[in-house]
Amino acid sequence: MKLKLSRRFFIRLAAIVVILVLAVVMFFIGKQHTILIDNNRAGDIKALDYFEVSVDGSPLLDMAPMLREQFLVTGQKHTITIQWEDEASGQMLAVSVNVKIPLTQDMVLMSVPTFMADMNQPQSVWLTPFEAQVVTSTAAEDNAVVLDDTASFSSF
Amino acid sequence: MKRPQVNPKELLINNLVPILFIVICIIGIPLSGYSGTYLLNEILSRLGRNSFLVLSLLIPVMAGMGLNFGMTLGAMAGQIGLIFVSDWSIVGIPGMVLAAIISVPISVILGYMCGTILNRAKGREMVTSYIIGFFMNGVYQLFVLYFMGSIIPIKSSALVLPRGYGIRNTVNLESMRKSLDNLIPFNIFGASVPLATFILVALFCLFIVWFRRTKLGQDMRAVGQDMEVARQAGIKVERTRVLSIILSTVFAGFGMIIYLQNIGTLNTYNSHSQIGMFSIAALLVGGASVDKANIRNVFIGIILFHLMFTIAPTVGRNLIGEAQLGEYFRVFVSYGVITLALVLYEMRKRRAERIALERGEEVVA
Amino acid sequence: MDVATIKEKALPMIKSFGLPRLIITGFLLLMFVIAPFANVNVAAGLTNMLTRFGMNSVLVLAMVPMVHSGCGLNFGLPLGIISGLLGATMSVEFAFTGIAGFLMAIVLATPFAVILGAGYGVLLNRVKGGEMMIATYVGFSSVAFMCIMWLLLPYDSPAMVWGYAGTGLRTTISVADYYGGVLDNFLRIQIGHLAIPTGAILFFAFLALLIWLFLRTKTGTAMTAVGSNPVFARASGVNVDRMRMLSVVLSTWLGAVGIIVYEQSFGFIQLYMGPFNMAMPAVSAVLLGGASVNKASIANVVIGTLLFQGILTMTPSVMNGLIQTDVSEVIRIIVSNGMILYALTRKQEVTR
Numbered sequence: 066m067k068l069k070l071s072r073r074f075f076i077r078l079a080a081i082v083v084i085l086v087l088a089v090v091m092f093f094i095g096k097q098h099t100i101l102i103d104n105n106r107a108g109d110i111k112a113l114d115y116f117e118v119s120v121d122g123s124p125l126l127d128m129a130p131m132l133r134e135q136f137l138v139t140g141q142k143h144t145i146t147i148q149w150e151d152e153a154s155g156q157m158l159a160v161s162v163n164v165k166i167p168l169t170q171d172m173v174l175m176s177v178p179t180f181m182a183d184m185n186q187p188q189s190v191w192l193t194p195f196e197a198q199v200v201t202s203t204a205a206e207d208n209a210v211v212l213d214d215t216a217s218f219s220s221f
Numbered sequence: 265m266k267r268p269q270v271n272p273k274e275l276l277i278n279n280l281v282p283i284l285f286i287v288i289c290i291i292g293i294p295l296s297g298y299s300g301t302y303l304l305n306e307i308l309s310r311l312g313r314n315s316f317l318v319l320s321l322l323i324p325v326m327a328g329m330g331l332n333f334g335m336t337l338g339a340m341a342g343q344i345g346l347i348f349v350s351d352w353s354i355v356g357i358p359g360m361v362l363a364a365i366i367s368v369p370i371s372v373i374l375g376y377m378c379g380t381i382l383n384r385a386k387g388r389e390m391v392t393s394y395i396i397g398f399f400m401n402g403v404y405q406l407f408v409l410y411f412m413g414s415i416i417p418i419k420s421s422a423l424v425l426p427r428g429y430g431i432r433n434t435v436n437l438e439s440m441r442k443s444l445d446n447l448i449p450f451n452i453f454g455a456s457v458p459l460a461t462f463i464l465v466a467l468f469c470l471f472i473v474w475f476r477r478t479k480l481g482q483d484m485r486a487v488g489q490d491m492e493v494a495r496q497a498g499i500k501v502e503r504t505r506v507l508s509i510i511l512s513t514v515f516a517g518f519g520m521i522i523y524l525q526n527i528g529t530l531n532t533y534n535s536h537s538q539i540g541m542f543s544i545a546a547l548l549v550g551g552a553s554v555d556k557a558n559i560r561n562v563f564i565g566i567i568l569f570h571l572m573f574t575i576a577p578t579v580g581r582n583l584i585g586e587a588q589l590g591e592y593f594r595v596f597v598s599y600g601v602i603t604l605a606l607v608l609y610e611m612r613k614r615r616a617e618r619i620a621l622e623r624g625e626e627v628v629a
Numbered sequence: 009m010d011v012a013t014i015k016e017k018a019l020p021m022i023k024s025f026g027l028p029r030l031i032i033t034g035f036l037l038l039m040f041v042i043a044p045f046a047n048v049n050v051a052a053g054l055t056n057m058l059t060r061f062g063m064n065s066v067l068v069l070a071m072v073p074m075v076h077s078g079c080g081l082n083f084g085l086p087l088g089i090i091s092g093l094l095g096a097t098m099s100v101e102f103a104f105t106g107i108a109g110f111l112m113a114i115v116l117a118t119p120f121a122v123i124l125g126a127g128y129g130v131l132l133n134r135v136k137g138g139e140m141m142i143a144t145y146v147g148f149s150s151v152a153f154m155c156i157m158w159l160l161l162p163y164d165s166p167a168m169v170w171g172y173a174g175t176g177l178r179t180t181i182s183v184a185d186y187y188g189g190v191l192d193n194f195l196r197i198q199i200g201h202l203a204i205p206t207g208a209i210l211f212f213a214f215l216a217l218l219i220w221l222f223l224r225t226k227t228g229t230a231m232t233a234v235g236s237n238p239v240f241a242r243a244s245g246v247n248v249d250r251m252r253m254l255s256v257v258l259s260t261w262l263g264a265v266g267i268i269v270y271e272q273s274f275g276f277i278q279l280y281m282g283p284f285n286m287a288m289p290a291v292s293a294v295l296l297g298g299a300s301v302n303k304a305s306i307a308n309v310v311i312g313t314l315l316f317q318g319i320l321t322m323t324p325s326v327m328n329g330l331i332q333t334d335v336s337e338v339i340r341i342i343v344s345n346g347m348i349l350y351a352l353t354r355k356q357e358v359t360r
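Residue numbers (the working numbering), protein chains in the order written: chain E, 66 to 221; chain P, 265 to 629; chain H, 9 to 360.
It cannot be assumed that every hint is accurate.
[Claimed, not checked] Computed list of lysine-lysine pairs in DSS-like fashion (alpha-carbon distance at most 27 Å, straight line):
hint, chain 1, residue 1, chain 2, residue 2
1, H, 303, P, 386
2, P, 613, H, 136
3, P, 386, H, 136
[As the list claims (entries may be wrong)] If we take Cβ atoms under 7 Å as the criterion, some of the chain P residues that face chain E in the derived model are:
hint, residue
4, 356
5, 359
6, 361
7, 369
8, 423
9, 425
10, 427
11, 433
12, 434
13, 436
14, 466
15, 470
16, 533
Hints listed in this document are in silico derivations from the structure and should not be mistaken for laboratory results. From the three backbone atoms N, C-alpha and C, an ideal C-beta is built for every residue, glycine too.
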């Protein structure tokens, strides 16, 4: 088949390019990430007594020591707001930080104690990739699937 | 084709299926005891999720290829798109769009294959497309149950079976659930209206109306009327038929994505297998036949068919004390409707042939 | 030159045998060759294959009369199966046991098969040309309708109804105490691991002989004439519609007998959605044996059933032994539907 460089061909090519670009854009803006907000001892830094946290303006969540909360977010750039009571003055202080999650990272863990110890550290120190544990099993009952096509009658 | 005089008996026979359904619904609704709001809510939601699928059947009917039982192929393509999107955790509307984009090449390949096979089985397109659906179901299972996670990279442990390959029985689409339906919140009489979905459906209807007038649409109708005449008029009959199936398959894929975003879970190995049957039954209930179907048939059909579907289990329980009975009843009615419509179509076709033959003989005499 | 002559000679042979059939036969032979390496007992495999041949062969035989009269492949087999199920459940209800139970099941099923088959035949006569699709849906609708009836019919044998409700038949009913294995165990031959269900095979041979003889009677040849050339048949004074109806009744009755034979070997009566997908394997088995949409012989039935059931029994065990994965269900779906597709798209059949 000879390739004809006609107007039609270019229109088709452009359409395919537009669709591919659209697909990529959808990937970026629709990608869901899980941010875990953690208040556990991290190395030498001990957990904070109390703070409140919000991601992208969500309602504030109370965080006691040893708590870990998860936030589902879409897209890569997010604002995490942390409020806490200053021990010296007794005033509520707040800090907002912008984080950028790598596109391919499904889950990240933010260690708030590490972050609060020194806010000027780079993001990679207090925001680390997190992998969920995978349970593997070869037992037949764990791997059973319903192939019977009459099974879906009632679910329709 | 309009008949010069309308014979009441003929009118009754031609609309036997819708009339039967109206009667079933009129008797059934009071027996079910459902409130109007509940039924309205249920019908609106079902109209939203099924319209696109049923509309995708119209194009092959136009090309004279009968009811495209091969639409399950499109449903499979849509599901594969959704599986990938869930694996990459792309959610909401972007997830749906991306799934739709992924489904297109798969649908085109499957549709091309289906159309080519159907060209080799002219005159028995329906039974062939029906078997193609079964056949491809086997191929789908081979890919999804054995290749995904082993050859095709799927990494999410929420999707892959614990043994390390194959997709689990159900895929959770909670992060996508009703994202299109609730995009534009709208309520009427206390029932929520999936407005954005309806807008998409309306666009599809406009597309179909426009498509009928394009060159390709005209060609399809010509092929549907008479293949030989069309061929002599210089229309590439085979190509036109394949295109009609490809279009139907692609749209069925989109329809499946819309359907599943409303449901919120994908039954990996079951969701697609009955969708063709129920969509076809709905279209036939709307008064369509094998060679004639329009947009009005789609909506009337979905409303009547799904009204029956909603009330049947409760009516069964209230009448005989068994909800199971109602479920069997609706399965029976779905199949019965298709049988009845096919029989009526074949009988009408034979009568038309006989009349044509008699007229031909008169001319000869 | 030698190669060319071989090719010249081989091609028509392959063509007449059919490429898919060649592939399947090769595949089955391969399975038997690999079997010992996969720790699969060949004798046990053969036993399985023969048992399943006995189970299914009569159902496949039910394809023959309708194909002969030009009604196409009998996708409406579930209708016959339902007649058989009615006979089988009634035989259990009246508590016939052993060979009497088996025979009574057939006797009781016969009137249903004749009545349903006659109605089905009348219907198919009115939709000539569109038989297969309508047959499929007649089968499905009747299965769905009987789902309702199984719940409602006044059966009350405790062996069959739901224990807690006292009404409505169970989904599976054991026939072990009634006529389970009456054919399979009749004159059973046991050599080491190899067992031959002589009774079932003899029963099939008896029915096949009857059909073979019938097709050679005056009525039988008239039926074949209707299938191969209806215009000629009508011209020579054959009542086409009557012949077609007779073939449908015969097919339906064979379907009824087939399911009873199936049950005695399987050990259970499967109701509700059980008969739903039973037509496809039977259709593809006869096609695998070399039949086409308008031509089917007893030899096609025998070869087809052996091949089809051979694939079904050998693949899972060999695959499991080799790669610890059971892909048999997928292979079954692809092979059986692929066979039907092949038959539907063959060029020479379009002429009818």
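Comparing the hints with the structure gives:
At roughly 19 Å between alpha-carbon atoms, residue 303 of chain H and residue 386 of chain P fall within 27 Å of each other, so this suggested pair holds. For a cut-off of 27 Å, the pair hint linking residue 613 of chain P to residue 136 of chain H stands: about 10 Å separates their Cα positions. Between residue 386 of chain P and residue 136 of chain H the CA atoms are separated by roughly 16 Å; this keeps the pair inside 27 Å, and the hint holds. The interface hint given for residue 356 of chain P holds, since its Cβ lies 6 Å from the closest Cβ of chain E, which is under the 7 Å cut-off.
Checking residue 359 of chain P against chain E by beta carbon gives a least distance of about 5 Å; that is within 7 Å, so the hint holds. For residue 361 of chain P, the interface hint holds, since its Cβ comes within 7 Å of a Cβ in chain E; the closest pair sits about 5 Å apart. Of the supplied interface hints, the one on residue 369 of chain P is violated, with its beta-carbon coming no nearer than about 10 Å to a beta-carbon of chain E, more than 7 Å. A hinted interface residue such as residue 423 of chain P counts as satisfied when its beta carbon comes closer than 7 Å to some beta carbon of chain E; here the least separation is about 11 Å, so the hint is violated.
With its C-beta approaching chain E no nearer than about 5 Å, residue 425 of chain P sits inside the 7 Å limit, and its interface hint holds. Checking residue 427 of chain P against chain E by beta carbon gives a least distance of about 5 Å; that is within 7 Å, so the hint holds. Given the 7 Å rule on beta carbons, the hint for residue 433 of chain P holds: about 5 Å separates it from the nearest Cβ of chain E. A least Cβ separation of about 9 Å between residue 434 of chain P and chain E goes past the 7 Å threshold, and the interface hint is therefore violated.
Checking residue 436 of chain P against chain E: minimum C-beta separation of about 12 Å lies over 7 Å; hint violated. The criterion of a C-beta within 7 Å of any C-beta in chain E is not met by residue 466 of chain P, whose closest approach is roughly 22 Å, and the hint is violated. Below 7 Å, beta-carbon pairs count as interface contacts, and residue 470 of chain P has none with chain E, the closest being about 20 Å; its hint is therefore violated. Below 7 Å, beta-carbon pairs count as interface contacts, and residue 533 of chain P has one with chain E at about 5 Å; its hint therefore holds.
Of the numbered hints given earlier, the model fails hints 7, 8, 12, 13, 14, 15; all others are met.
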